[in-house]
Amino acid sequence: MSAELLSVRNVEAGYRRRLVVLRGVSLSVREGQVVALLGSNGAGKTTLLRTVMGLIPDQPEKGEVRFRGALLNGRDPDAITRLGVALVPEGRGIFPELTVAENLQLAGYARRYTRSDLDAVLDRFPVLRERGRQLAGTLSGGEQQMLAVARALLLRPSLLLLDEPSLGLAPRVVAEIFSTLRSLNQEGMTLLLVEQNARMALEVAHYGYVLEAGRLVLEGPADRLREDPNVQELYLGVQREASPKGFRRWRPKRRWA
Amino acid sequence: MTLAAQYVANGLASGGLYALVALGIVLLYRSSRVLNFAHGDLCTLGAFLALSALQAGWPYAASVAAGLVGAGLASAGFYQVLVRPVREGTVLGLVITTLGFALFLGGFMAWVWGTDTKPFPSPMSDVRVYRLGGVVISELTAGSLAAALVLVALLSLLVQRTPLGLAMRAVAQNPVAAQLLGVPARRVLAATWALAGMLGASAGVLLAPVLLLDPFMMLDPFLKGFAAAVLGGMDSLPGAVVGGLTLGVAESLFAGYVSVKFKATLSFLVIVAVLLLKPEGLFGRPFERRV
Ligand SMILES: Nc1ncnc2c1ncn2[C@@H]1O[C@H](COP(=O)(O)OP(=O)(O)OP(=O)(O)O)[C@@H](O)[C@H]1O
Ligand SMILES: [Mg+2]
Numbered sequence: 001m002s003a004e005l006l007s008v009r010n011v012e013a014g015y016r017r018r019l020v021v022l023r024g025v026s027l028s029v030r031e032g033q034v035v036a037l038l039g040s041n042g043a044g045k046t047t048l049l050r051t052v053m054g055l056i057p058d059q060p061e062k063g064e065v066r067f068r069g070a071l072l073n074g075r076d077p078d079a080i081t082r083l084g085v086a087l088v089p090e091g092r093g094i095f096p097e098l099t100v101a102e103n104l105q106l107a108g109y110a111r112r113y114t115r116s117d118l119d120a121v122l123d124r125f126p127v128l129r130e131r132g133r134q135l136a137g138t139l140s141g142g143e144q145q146m147l148a149v150a151r152a153l154l155l156r157p158s159l160l161l162l163d164e165p166s167l168g169l170a171p172r173v174v175a176e177i178f179s180t181l182r183s184l185n186q187e188g189m190t191l192l193l194v195e196q197n198a199r200m201a202l203e204v205a206h207y208g209y210v211l212e213a214g215r216l217v218l219e220g221p222a223d224r225l226r227e228d229p230n231v232q233e234l235y236l237g238v239q240r241e242a243s244p245k246g247f248r249r250w251r252p253k254r255r256w257a
Numbered sequence: 001m002t003l004a005a006q007y008v009a010n011g012l013a014s015g016g017l018y019a020l021v022a023l024g025i026v027l028l029y030r031s032s033r034v035l036n037f038a039h040g041d042l043c044t045l046g047a048f049l050a051l052s053a054l055q056a057g058w059p060y061a062a063s064v065a066a067g068l069v070g071a072g073l074a075s076a077g078f079y080q081v082l083v084r085p086v087r088e089g090t091v092l093g094l095v096i097t098t099l100g101f102a103l104f105l106g107g108f109m110a111w112v113w114g115t116d117t118k119p120f121p122s123p124m125s126d127v128r129v130y131r132l133g134g135v136v137i138s139e140l141t142a143g144s145l146a147a148a149l150v151l152v153a154l155l156s157l158l159v160q161r162t163p164l165g166l167a168m169r170a171v172a173q174n175p176v177a178a179q180l181l182g183v184p185a186r187r188v189l190a191a192t193w194a195l196a197g198m199l200g201a202s203a204g205v206l207l208a209p210v211l212l213l214d215p216f217m218m219l220d221p222f223l224k225g226f227a228a229a230v231l232g233g234m235d236s237l238p239g240a241v242v243g244g245l246t247l248g249v250a251e252s253l254f255a256g257y258v259s260v261k262f263k264a265t266l267s268f269l270v271i272v273a274v275l276l277l278k279p280e281g282l283f284g285r286p287f288e289r290r291v
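Chains as they are written, first to last, in this note's numbering: chain A, 1 to 257; chain B, 1 to 291.
Same shape as in the complex, but just chain A:
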């Protein structure tokens, strides 16, 4: 089995105005894997990624986050980034009033990248090459997402975290993003992917976790999750056979709760 890159152990975390969001979460991401993290709105997926990156001051409250064995608790986000973990945040986090070129240039602030690194990334997203002098805020949603991923790649991370990269994008663009993720993984990149689009996520992922109300309720290899009846009904929108009385329950029952 490959080495463990990211290890999250019994993490409890929250915000100042909402003390407990994660209630003891443990997960692990191994080198070369694509791991999907599924869960409905407000389950705490973003909170988990933010906790890993050190973006919530003084969190996690309890538990440990380790990257290649090194404790991340209490480190600054920029230091964690320099260790080799990159996050493409929810909402993309581009700088709307900087040009596309400047957005890319920033990724080289802490650690310079070479011309050929840049070319490799731009070859992956050729639109960005044409848009260099345009303000990033004027890019389309799909182009902004590509910019966000491109910037993260220029950091040359060993682990890439993505928070809902498909949010708000047209199906064709979503497919494009996912095919990029798949080829990145084939080239050796390890990914932790938070997604609402469970179907796509479970297609690229090797392993998956389901987070509900701050707890992991299910985990397993992606193909097993795809077959799981609860996952099918809640995240894949598969219609179950009608109940004996002939109508569907208005709310799906979660067998794991």
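Just so you know, the hints here were simulated from the structure itself, not pulled from any lab data. Fair warning: there could be bad hints in the mix.
Stated by the list, open to error - Taking beta-carbon pairs under 10 Å as the criterion, some of the chain A residues facing chain B (in silico): (1) L55; (2) F67; (3) I80; (4) P89; (5) I94; (6) F95; (7) E97; (8) E102; (9) A107; (10) G108; (11) A110; (12) R111; (13) R115.
Said to hold, decoys possible - Calculated from the model, a selection of chain B residues having no Cβ within reach of chain A, i.e. all distances over 12 Å: (14) L73; (15) V91; (16) F108; (17) G133; (18) A147; (19) V150; (20) A170; (21) Q173; (22) G182; (23) V183; (24) V188; (25) T246; (26) L253; (27) L275.
What the hints assert, rightly or not - Here are some of the chain A residues that sit facing chain B, going by a computed Cβ distance under 10 Å: (28) A79; (29) L155; (30) P171.
We treat Cβ as the ideally placed atom computed from N, Cα and C, and that holds for glycine.
Starting from the known structure of chain A, fit chain B with the ligands onto it as the hints suggest.
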């Protein structure tokens, strides 16, 4: 006509210094969303430090540099020790923090240097004058305006053309996203505060020969710089420069043609008028929440 030109020339000269003060205020406001009421006192501190260096026999340039570095360090230190920890709190908490620091600095300067006004030397003379047509302008005035414009140009080069400037703009727009790219946002902000302190100190050093130096020298120029910043839109560096020059010229014309006594009131009128008519200022964009 020459009279009007004379007023404009005088106005530009003081406007250049208002612009320097305004730049310091705007630099901090747009990167930290902090209104730094201690900015004026940091300017004065820089001038006092330079004066002490001069009195210790240092050459003029080295003394000014010492003043700039001292004020920059004080400003960055203030950010690291007090502003950053309080930032999580309320806007009111921040305002009170900067007011408190202003009072502290005022007291500190009175304690170290005394409250009596002191002459401040300048390599430029205020009796030697240049004549352009009918307009008379002293070497000191012309030199101050030139120095202010050079500093503005250097600042814009730094902000627009260097990696640090790019990081400063990024951190101002979205500090979290900047950190996620490995930019040490806190250090960049500390550098921004240091830069604002240095700009302020240079305004202090340029004003001190004219106003004479005492711990409260910057009270009035700070208010003018603040008005200029509001006029320019609080968020915009070019806005601060245009705001400063406009305010300087408007004030000088007002003093010449209307009333010298109410000259000081004009900056207050400008603030009120801008807030009523165009709250986003000349160069600011309409208010949007930062992401
Ligand atoms: N800054 C904050 N302060 C207080 N509570 C927060 C904050 N951010 C998120 N929360 C709360 O934490 C819970 C988990 O939020 P989180 O954003 O992690 O969910 P999520 O799983 O990413 O949801 P989504 O799929 O909608 O993005 C929610 O109930 C949310 O209201
Ligand atoms: Mg989320």
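Now for the hints, and whether the structure bears them out:
| no. | hint | result |
| --- | --- | --- |
| 1 | L55 | 6 Å, holds |
| 2 | F67 | 15 Å, violated |
| 3 | I80 | 9 Å, holds |
| 4 | P89 | 6 Å, holds |
| 5 | I94 | 7 Å, holds |
| 6 | F95 | 5 Å, holds |
| 7 | E97 | 6 Å, holds |
| 8 | E102 | 6 Å, holds |
| 9 | A107 | 5 Å, holds |
| 10 | G108 | 8 Å, holds |
| 11 | A110 | 3 Å, holds |
| 12 | R111 | 7 Å, holds |
| 13 | R115 | 16 Å, violated |
| 14 | L73 | 22 Å, holds |
| 15 | V91 | 17 Å, holds |
| 16 | F108 | 31 Å, holds |
| 17 | G133 | 43 Å, holds |
| 18 | A147 | 30 Å, holds |
| 19 | V150 | 26 Å, holds |
| 20 | A170 | 5 Å, violated |
| 21 | Q173 | 5 Å, violated |
| 22 | G182 | 3 Å, violated |
| 23 | V183 | 5 Å, violated |
| 24 | V188 | 9 Å, violated |
| 25 | T246 | 24 Å, holds |
| 26 | L253 | 35 Å, holds |
| 27 | L275 | 24 Å, holds |
| 28 | A79 | 8 Å, holds |
| 29 | L155 | 6 Å, holds |
| 30 | P171 | 26 Å, violated |
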